[in-house]
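Protein chains in written order, with numbering that gives the first Met the number 0: chain A, 0 to 301; chain B, 0 to 301.
Take the hints with a grain of salt, since some may be wrong.
The list treats identical chains as one, so a pair stands whether inside a single copy or across any two.
The calculated SDA-like cross-link candidates involving lysine to any residue, where the alpha carbons are at most 20 Å apart (straight line), are [unchecked claim]:
(1) Lys76 with Ile171
(2) Lys296 with Asn221
(3) Lys32 with Gly17
(4) Lys231 with Pro271
(5) Lys296 with Glu37
(6) Lys32 with Tyr289
(7) Lys220 with Asn278
(8) Lys72 with Phe170
(9) Lys16 with Thr6
(10) Lys76 with His173
(11) Lys253 with Tyr70
(12) Lys296 with Arg49
(13) Lys32 with Gln100
(14) Lys253 with Arg240
(15) Lys231 with His276
(16) Lys295 with Thr262
(17) Lys163 with Ala86
(18) Lys296 with Arg240
(19) Lys16 with His276
Simulated from the structure, these hints should not be mistaken for lab results. The model shown is predicted, which means the values in this text are computed figures rather than measured ones.
There are 2 protein chains.
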Amino acid sequence: MTASQTTFRTTVTQWFKGLQDRICRALEDTDGKATFVEDEWERPGGGGGRTRIIAGGNILEKGGVGFSAVYGKTPGKILSALQLGEADFYATGVSIVMHPQNPMVPVIHMNVRYFEMSSGVSWFGGGIDLTPHYVDETDARYFHSRMKETCDQHHPSFYPRFKKWADDYFFIRHRQETRGIGGIFFDRLSADDTFSLEDRFRFVQDVGESFAPVYTHFMRKNHALPFGEIEKEWQMVRRGRYVEFNLVYDKGTKFGLDTDGRTESILMSMPPQAQWHYNYFIQPGSREDYTLQLLKKGIDWV
Amino acid sequence: MTASQTTFRTTVTQWFKGLQDRICRALEDTDGKATFVEDEWERPGGGGGRTRIIAGGNILEKGGVGFSAVYGKTPGKILSALQLGEADFYATGVSIVMHPQNPMVPVIHMNVRYFEMSSGVSWFGGGIDLTPHYVDETDARYFHSRMKETCDQHHPSFYPRFKKWADDYFFIRHRQETRGIGGIFFDRLSADDTFSLEDRFRFVQDVGESFAPVYTHFMRKNHALPFGEIEKEWQMVRRGRYVEFNLVYDKGTKFGLDTDGRTESILMSMPPQAQWHYNYFIQPGSREDYTLQLLKKGIDWV
């Protein structure tokens, strides 16, 4: 570990902490009622985090903005998944999931993370994806345009590549549905011939900073839209699918649970409630049907 | 495939079908309101099933009794899990999960199954386990005594062995809790020096027939017990744990989803609703706390 590596790691960690603060403030300001409650925790093997939970807001029914910086001996399951030999690791990041009250406001998820191994390899990962209960084409185009703008500032290949990655990642195979309308997803962005680790960091910073303006836009725009029992029930069904994705497929959740991560922080992504109906009937031509038609890979929103 | 093998397979299959009928009738009679709705389905690779769903009953809020008999080329994931070479398979069984309205009535799960490979190996598996939202010691003793009686008719080693197997299997590792109070669980019961395949079948028949009297006993005994909002919320939290177990750990669910099983039939085990609260507060000394203390492995209920 050289001094400059330690400095970089510290810089990234402090920046993530600040990002958590800024996002929490923006969400509280826009919600206008609920405030985050913070839980500081320590990881027995090294490091810890601060999990911040919001609940019962005007707009946000339940959500979490988590920061963590953990280190120690790399769990065996991660080593074998990454095909690496024994090593220490350092991982820091910010994770967010927001479940709104109003079904017309989309669920959002963001994660930005930095990972470093004592063997010398290090990378960034993350992304933002949107899960509308009801797909609105204007909103979908707006969201993907913002993501594309952020990506384009760094490289024209980023948006198409990371958009496809999100389509493939946020896929509920047993339902043959995407979780939502995707967004961007990327992992293991190391330094290479084109990008230094500092370049990667600047990209991740821009992704992180894009979260609050994008989501508060949807909060403001959609929180007062009318809805009734049908929409509320459909929201519960979609939340059920969110649970299915997170518990069956999400790699972060699986690794977290497998490696004795802090369960409450890992599962802060769970919705406040969800429902399961057998063979849920969707009226052909309804808004629910329209949404289902758009939960597909490969839709070009921009 | 000899004629006697074909006969045995047919006998088992027909018996499972009849078991599904008998159990559905007993549950409908005891519920007194809801009736099962049947969905017949075919498996593209071979075979099919009939999934029967009950919902909105006096006592049963949502539940399913599924029968299936499927065959074909063994999916690669099963072959590698069982460390077997390429072969055809035949699998038939009955699966049940019942989620009651009243939190004082326990959730119950049963599975009995028969599996046969063209390579010659064949076995029975299954079990019954109980997931009370509130553990009642008398009920727990009653349930385990019934399971022990059924087992003891076949071999004194069965109950202790299969009870421990259930404790180990129905364990939510990331919560360090058992799903409920366990019961019996067994798998790969093939013919051996002590038991013929016909002996195994007779045991599985007794397990299957024990389901209706045991569960209708709890339905009748507990469905009118008083409960309030606290108990209803706790039920939703426990249902969340049920979802976590089924989607993260349950081998049947995982294999089913992995091998393109029929999603709606696999996930008929999901509760009608569930809730997730961050760091759910449990009043020390409350009935919820008492229940949690008993969601442990190794409790001797008989």
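Exercise for review: Indicate which option fits the pair Lys32, Gly17 if close means a Cα-Cα distance not exceeding 20 Å: within, between, both or neither.
Suggested key: Neither, since 22 Å and 57 Å both go past 20 Å.
Exercise for review: First find the shortest C-alpha distance between Lys163 and Ala86 inside one copy, then the shortest across copies, and answer within, between, both or neither for a cut-off of 20 Å.
Suggested key: For Lys163 and Ala86, the Cα distance exceeds 20 Å both inside one copy (32 Å) and across copies (37 Å).
**Study point:** Intra- versus inter-subunit Cα pairing at 20 Å for Lys76 with His173
**Key:** between (25 Å within a copy, 15 Å between copies)
Practice item. If the cutoff is 20 Å on CA atoms, where do Lys220 and Asn278 land: within, between, both or neither? Let me know, please. Key: Cα proximity of Lys220 and Asn278: none, with 33 Å in one copy and 31 Å across.
Review point. Which holds for Lys16 with Thr6 at a C-alpha limit of 20 Å: within a copy, between copies, both or neither?
Key: For Lys16 and Thr6, the Cα distance is within 20 Å only inside one copy (15 Å; across copies 67 Å).
Review point. Quick one: Lys231 to His276, C-alpha cut-off 20 Å, is that within a copy, between copies, both, or neither?
Key: both (14 Å within a copy, 19 Å between copies)
Exercise for review: Could you figure out if Lys16 and His276 sit no more than 20 Å apart (CA to CA) within one copy, between two copies, both or neither?
Suggested key: neither (40 Å within a copy, 24 Å between copies)
Check your understanding: Is it within, between, both or neither when you check Lys295 against Thr262 at 20 Å Cα-Cα?
Key -> Only across copies: Lys295 and Thr262 sit 18 Å apart there, 31 Å inside one copy, limit 20 Å.
Practice item. Classify it for me, Lys32 with Tyr289: is the Cα-Cα distance of at most 20 Å met within a copy, between copies, both or neither? Key: Classified as neither; 33 Å inside a copy, 35 Å across copies.
**Study point:** Homomeric proximity label, Lys296 with Asn221: Cα distance no greater than 20 Å
**Key:** neither (25 Å within a copy, 48 Å between copies)
Exercise for review: Go through the copies and call it for Lys72 and Phe170: within, between, both or neither, with a Cα cutoff of 20 Å.
Suggested key: neither (31 Å within a copy, 26 Å between copies)
Practice item. First find the shortest C-alpha distance between Lys296 and Glu37 inside one copy, then the shortest across copies, and answer within, between, both or neither for a cut-off of 20 Å. Key: Close neither inside one copy (37 Å) nor across copies (33 Å); limit 20 Å.
Hints 2, 3, 5, 6, 7, 8, 12, 17 and 19 from the earlier list are contradicted by this structure; the remaining hints agree with it.
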